[in-house]
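For the protein sequence lines, the chains are A and B, in the order given. According to the working numbering, the first sequence holds residues 243 to 661 in order. According to the working numbering, the second sequence holds residues 103 to 209 in order.
Keep in mind that the hints were calculated from the coordinates and are not lab data. Since we're looking at a predicted model, the values are computed, not measured. Beta carbons: idealized from backbone N, C-alpha and C, even for Gly. One thing to keep in mind: the hints can contain errors.
[Stated by the list, open to error] Now the in silico label distances, taken between C-beta atoms and shown as ranges:
no. : chain 1 : residue 1 : chain 2 : residue 2 : range
1   : B       : G135      : A       : P659      : 29 to 35 Å
2   : A       : K517      : B       : D205      : 37 to 43 Å
3   : A       : A620      : B       : E161      : 23 to 29 Å
4   : B       : Q167      : A       : K424      : 58 to 64 Å
5   : A       : K516      : B       : D138      : 37 to 43 Å
6   : B       : P143      : A       : R256      : 35 to 41 Å
7   : B       : Q167      : A       : F299      : 35 to 41 Å
[Stated by the list, open to error] Some, not all, of what chain A presents toward chain B, calculated at C-beta under 10 Å:
no. : residue
8   : F434
9   : T592
10  : G607
[Said to hold, decoys possible] Computed list of lysine-lysine pairs in BS3-like fashion (alpha-carbon distance at most 25 Å, straight line):
no. : chain 1 : residue 1 : chain 2 : residue 2
11  : B       : K197      : A       : K623
12  : A       : K600      : B       : K142
13  : A       : K617      : B       : K197
14  : A       : K600      : A       : K617
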Amino acid sequence: MEGVLFPRGVAEGREGLKAYVARGGYQALAKALKRSPEEIIRLIDQAGLRGRGGAGFPTGKKWQLTREATGEPRYLVMNGGEDEPGSKKDRVLLENLPHLVIEGTILSAYAIGAAKAYLYINARYDIAIRSIGDALAEAKAEGYWGENILGGNFSLDLEIFPAPHNYVAGEDTAVLEVIEGKKPLPRQKPPFPVTAGLFGKPTSVNNVETLANVAPIVRYGAEWYRKFGTAESPGTMIFSLDDDVNRPGIYELPFGTPLRYLIEECGGGMRGGKKIKAIMPAAPSSAYLPPEKLDTPLDHNSMRAAGSSLGCGVVRLVAQGSCIVEEVIKISEFFTAESCGQCPACRMETNTLTALLKKVQGGQGGPPVLEQFGKIIAFNKGKGFCNLIAMPGPPIESALKLFPGDFEAHLATGKCPVQ
Amino acid sequence: MSRICLVCQNIDCKSRGSEQLMTELQKRVAARGLEDVEVKPYMCFGACQEGPNIVLYPEKNWYAQVKVEDLDEIADHLAGGPHVKRLDTIDSSLKELIYQLLDTGVL
Numbered sequence: 243m244e245g246v247l248f249p250r251g252v253a254e255g256r257e258g259l260k261a262y263v264a265r266g267g268y269q270a271l272a273k274a275l276k277r278s279p280e281e282i283i284r285l286i287d288q289a290g291l292r293g294r295g296g297a298g299f300p301t302g303k304k305w306q307l308t309r310e311a312t313g314e315p316r317y318l319v320m321n322g323g324e325d326e327p328g329s330k331k332d333r334v335l336l337e338n339l340p341h342l343v344i345e346g347t348i349l350s351a352y353a354i355g356a357a358k359a360y361l362y363i364n365a366r367y368d369i370a371i372r373s374i375g376d377a378l379a380e381a382k383a384e385g386y387w388g389e390n391i392l393g394g395n396f397s398l399d400l401e402i403f404p405a406p407h408n409y410v411a412g413e414d415t416a417v418l419e420v421i422e423g424k425k426p427l428p429r430q431k432p433p434f435p436v437t438a439g440l441f442g443k444p445t446s447v448n449n450v451e452t453l454a455n456v457a458p459i460v461r462y463g464a465e466w467y468r469k470f471g472t473a474e475s476p477g478t479m480i481f482s483l484d485d486d487v488n489r490p491g492i493y494e495l496p497f498g499t500p501l502r503y504l505i506e507e508c509g510g511g512m513r514g515g516k517k518i519k520a521i522m523p524a525a526p527s528s529a530y531l532p533p534e535k536l537d538t539p540l541d542h543n544s545m546r547a548a549g550s551s552l553g554c555g556v557v558r559l560v561a562q563g564s565c566i567v568e569e570v571i572k573i574s575e576f577f578t579a580e581s582c583g584q585c586p587a588c589r590m591e592t593n594t595l596t597a598l599l600k601k602v603q604g605g606q607g608g609p610p611v612l613e614q615f616g617k618i619i620a621f622n623k624g625k626g627f628c629n630l631i632a633m634p635g636p637p638i639e640s641a642l643k644l645f646p647g648d649f650e651a652h653l654a655t656g657k658c659p660v661q
Numbered sequence: 103m104s105r106i107c108l109v110c111q112n113i114d115c116k117s118r119g120s121e122q123l124m125t126e127l128q129k130r131v132a133a134r135g136l137e138d139v140e141v142k143p144y145m146c147f148g149a150c151q152e153g154p155n156i157v158l159y160p161e162k163n164w165y166a167q168v169k170v171e172d173l174d175e176i177a178d179h180l181a182g183g184p185h186v187k188r189l190d191t192i193d194s195s196l197k198e199l200i201y202q203l204l205d206t207g208v209l
């Protein structure tokens with residue numbers, strides 16, 4: 243299937259400068275520098291590009307807010323902190339298509355009026371860091387970044403910044419704290435980074451995949467881009483499949499492609515010929531969907547209507563014969579461990595949910611225990627500096643709704659119903 | 103059913119001395135011969151900014167910002183003395199949530 247990022251929809255090895263230029267690479271930059279930054283923002287807005295880090299926020303709008311905010315200098319931060327379990331799309335983009343990512347970063351910096359951009363990359367991604375480092379050297383030698391890019395007035399400094407490898411270090415404002423030399427702790431918002439970000443200055447933090455979409459849009463136009471995807475989610479998105487399926491990997495698909503296509507055609511179905519019990523379209527923090535929802539289109543609106551979300555495209559499957567209680571315990575423990583601990587509500591919520599789930603697992607308590615989950619989640623809604631507090635809720639509540647029998651069996655016997 | 107005194111042992115309360123509070127409260131409870139009272143650690147009540155927190159159950163009394171010098175009054179309360187009003191500062195909706203959790207009997 244034709245893609246926006248990967249020419250054939252799948253990653254095919256590292257593309258160096260020569261190969262990238264041979265297929266039109268850096269032409270978007272030359273084109274953009276002849277136009278005003280406002281025109282580039284308008285173009286991205288018309289294309290309908292939405293952030294690929296999980297929230298799906300309109301990129302053009304984020305840039306406009308950054309550009310219009312008071313304060314100099316402005317900063318751009320490429321967020322490659324990627325630490326969601328199962329997500330590898332940013333790593334593959336950085337490793338295989340470094341120039342596509344770099345050209346997008348330069349274009350974005352031009353659009354918001356940034357003279358400095360940080361390339362924040364998970365420190366464990368040594369191949370990606372080397373790939374980007376090499377590509378930066380190649381691109382600088384050609385005058386694609388540095389002083390007076392391509393002989394014009396726009397100058398930009400680019401710097402790689404290794405990211406600590408923990409989940410919260412990928413949260414936009416935690417990213418800013420790390421670059422400022424502090425611990426990866428999310429900030430209270432507002433103010434948002436677009437008005438008071440890095441060193442208190444207007445900053446746009448954009449995911450790697452989001453930035454990778456920018457050069458193709460500038461090169462081929464908004465109309466071309468909108469040929470992919472749906473009206474509200476234009477373009478393509480990279481989905482990650484883990485070893486739940488026969489062919490794990492990352493797949494670039496137009497938004498709106500049915501979930502079934504990703505799992506069956508791309509992934510080759512569940513490993514070992516197992517049947518699907520539940521699907522988590524945005525692991526580890528989305529609601530589970532039952533197998534009857536396999537034809538749900540992979541786009542923001544359709545997923546919301548089906549009761550789940552798209553996140554950053556890590557699709558996980560639960561096989562029939564697996565116990566959902568055991569699954570949600572793993573998820574809840576993950577968020578308990580990854581909660582940074584600075585917000586009391588998050589600390590209490592994540593610890594309590596995990597403790598209660600373990601009691602259910604061991605058969606302690608009765609039905610009133612099951613009623614507590616919704617109460618804890620509702621009580622803590624909207625509290626906390628970042629969104630982590632909202633993450634354990636959808637998996638746990640959807641599991642309780644879809645598979646009450648698994649919980650009841652644990653409570654009744656203290657044993658797992660499927661083991 | 104025996105009575106319990108839950109002393110939060112999460113990081114904030116701990117940093118404000120809740121480990122010592124637990125040991126000291128155990129001593130005071132023993133000194134008063136309150137054999138039906140068990141002083142136990144708790145993982146987090148969600149009121150870290152007002153810690154250290156101690157919750158008495160099933161009485162459902164929540165004492166916040168407890169200092170060592172408050173412990174005699176708390177132990178006296180457990181022995182039938184008056185409720186220590188000045189330490190009762192927690193928001194009622196949080197209290198309700200935590201008391202409901204404790205009512206399940208599993209935590």
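Outcome of the hint check:
no. : hint                        : result
1   : B:G135 - A:P659: 29 to 35 Å : 47 Å, violated
2   : A:K517 - B:D205: 37 to 43 Å : 40 Å, holds
3   : A:A620 - B:E161: 23 to 29 Å : 26 Å, holds
4   : B:Q167 - A:K424: 58 to 64 Å : 28 Å, violated
5   : A:K516 - B:D138: 37 to 43 Å : 53 Å, violated
6   : B:P143 - A:R256: 35 to 41 Å : 53 Å, violated
7   : B:Q167 - A:F299: 35 to 41 Å : 40 Å, holds
8   : F434                        : 24 Å, violated
9   : T592                        : 9 Å, holds
10  : G607                        : 4 Å, holds
11  : B:K197 - A:K623             : 17 Å, holds
12  : A:K600 - B:K142             : 19 Å, holds
13  : A:K617 - B:K197             : 13 Å, holds
14  : A:K600 - A:K617             : 17 Å, holds
Consistency note: the structure conflicts with the earlier hints numbered 1, 4, 5, 6 and 8.
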